[in-house]
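Keeping the supplied structure of chain A fixed, place chain B upon it in accordance with the hints.
Just so you know, the sequences run in chain order A and B. Per our numbering, residue 1 is the first one in the first sequence, and the count goes up by one each step. Per our numbering, residue 1 is the first one in the second sequence, and the count goes up by one each step.
No wet-lab data here; the hints were simulated from the structure. Backbone N, C-alpha and C fix where the C-beta goes; we use that ideal spot for every residue, glycine too. A couple of the hints might just be wrong.
As the list claims (entries may be wrong) - Derived DEER-like restraints, expressed as beta-carbon distance ranges: (1) B:Gly71 <-> A:Ala240: 25 to 33 Å; (2) B:Pro25 <-> A:Asn151: 51 to 59 Å; (3) A:Ala252 <-> B:Asp86: 26 to 34 Å; (4) A:Thr113 <-> B:Arg134: 52 to 60 Å; (5) A:Lys233 <-> B:Lys170: 31 to 39 Å; (6) A:Lys236 <-> B:Pro175: 55 to 63 Å; (7) A:Gly35 <-> B:Gly126: 45 to 53 Å; (8) B:Arg134 <-> A:Gly127: 46 to 54 Å; (9) B:Lys178 <-> A:Gln237: 31 to 39 Å; (10) B:Met169 <-> A:His71: 54 to 62 Å; (11) B:Lys178 <-> A:His71: 38 to 46 Å; (12) B:Ser123 <-> A:Ala240: 50 to 58 Å; (13) A:Arg250 <-> B:Lys164: 44 to 52 Å; (14) B:Lys106 <-> A:Glu156: 37 to 45 Å.
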Amino acid sequence: MTLDRRSFLKLVGAGVGAAGLPLIGRAAEMMPKSGKRVVVVGGGYGGTIAAKYIRMMDSSIEVVLIERGDHFVSCPFSNLYIGGILKDLSSLTITYDKLASNHGVKVVQAEVTGINAAAHTVMTSKGDIKYDRLVVSPGIDFRTEEYAGYNASTAELMPHSWKAGPQTLLLRKQLEQMKNGGNVVMSIPLGPFRCPPGPYERTSMIAMYLQKHKPKSKIIVLDANPDIVSKGKLFKQGWAKYYKDVIDYRPAKKVTAVDNNKMSVLVEGIEEIHGDVINLIPSQRAADLAVKSGLVGEDKKWCPINMGTFESTIHKDIHVIGDSSIAGAMPKSGYSANSEAKVCATNVVALMNNRDIVELSGINTCYSFITEKEAVSVAAVYKLDNGKIVGVKGAGGVSPDLSTTEAIYAHSWVKNILTEMST
Amino acid sequence: MTIKWRGWALATGVLAISAVAQAAPPTPAMLSNACAGCHGTNGGSAGLTMPSLAGQSKEAIEVAMKKFKSGERPGSIMGRIAKGYDEGQTSAIAEYFSKQKLHVTKQALDKAKIAKGASLQESNCGRCHIEDGREGKDDTPAMASQWLPYMQMQMADYLSGARKMPEKMKEKVDPMSKEDLEALLHFYASVN
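Only chain A is shown next, with the shape it has when bound in the complex (with noise of 0.2 Å):
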């Protein structure tokens, strides 16, 4: 009913801040706006190519991008400073001035406290913000209220570090001091999840860091899918070569239950498992934001999207795009997140520029390291077909092997994509 009201308001040209819609005049409004205006919430791998790109395709586009902080660290690579191949995350973390300076993105560093899809108004920690349209890249958080026992300390004790930044350094810190013949539980949810190879690659590194320095422990790596989920071979195939006695690689064990005090997991509740460092990856859903804006759809979980445009199918004039949106083919990944904002940003531009929109392709890759030296890769083209994305057939794949090529490209990787989203 309020999207026919506001509908109205705007065809009959009325401004949509007229007054009598809720919401409107209780917290100031900030930045009013004038000409056409994005809003873009989220600067991760997302956000921030979409907030760039939309300038870049049309500078008489106002583009705002919200975030809650002043910098961003990439999960991608964050395990290479669990395993200690990188010595801290500053290679790993960008700030927004130059997407401000280059591409005059107006940066608010505020934290945004629900969305007013009727109003076309975004409501932070600063004041109100209204938008024509907006686009929503706010990635995971976690479903905790499905494991028994877990509580607001549970990540303290035993960090997910599935948000780089503190929770890496603090994985990090307590294999650190860990004494040498200590056990590492991980705990890998069920899909889908944000990064579907991440837990393997962690395991890897985690596996690298012990034989190194803990050579008398083991990791129990506690994994609630039937199988690896992603690169499966190519992660069995390095385990075998380099961590046969490190790694204890078990299938279908969902854990269901945390006990604090033991620093114990259980295992569909019956077999408790003991780690002297516990890494508890929490199953995942759309970020708080996108379940509180009431942009997740019947699974509770998810966003629901138009797969040409990302527009919510929810709420008109909302687009979600990275880990939160069901993007058919395209995986939960930063490159897809990158790519998926691309798409996003070229149709945001032609619907409101009255254009045609065009029609998706994409492209996801992406690179684990088994050891310091050694990585894999996967690959894949997507396009849209009826509707939905899928991936172009014949193209993609993973890499044939581990090998020092894919480790010296995938260093290139990352350099390109997080210059891409900072400069």
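Here is chain B on its own, set in the frame of chain A:
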């Protein structure tokens, strides 16, 4: 709700932009932007082993894609990516990047090697790598301002036989010392 609104718009004779808008096939920009995550915005690479595509010749990109596709040229993911595009799309991507402004890299290079390379390049390579490597004859790639590590990797692949050298290049490269080749790469990396 969308259906209801559209119904209303149609009924009242007002047809506004909406999700029903016509979709045009992927444009050159749409196709090429997907490459920029690894090759940089508009094809200007920041990754030392990935080539800039900005300002590269159309023919060179087309041939590179063809060779990746067939497996003739080694690489990481490019063979798997190239297979995702038909000839028309490949040409569109190649043309798009060829029209972008040359990406000038800032890299630490050896001045003595640059000077030596400069003295070697004209007589040895200049017939195909024209304009100091800013352009290429036919499908010869432009090399101006490419990352040194990228060119070193390619040269290593040429010398090992992993990447096949064109006959004319082989005639020139075979008699050259490793130091000469290294100097040439420093020279081309320095051109902007």
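Hints violated by the structure (listed by number, smallest first): As far as the earlier hints go, 3, 6, 10 are violated by this structure, in ascending order.
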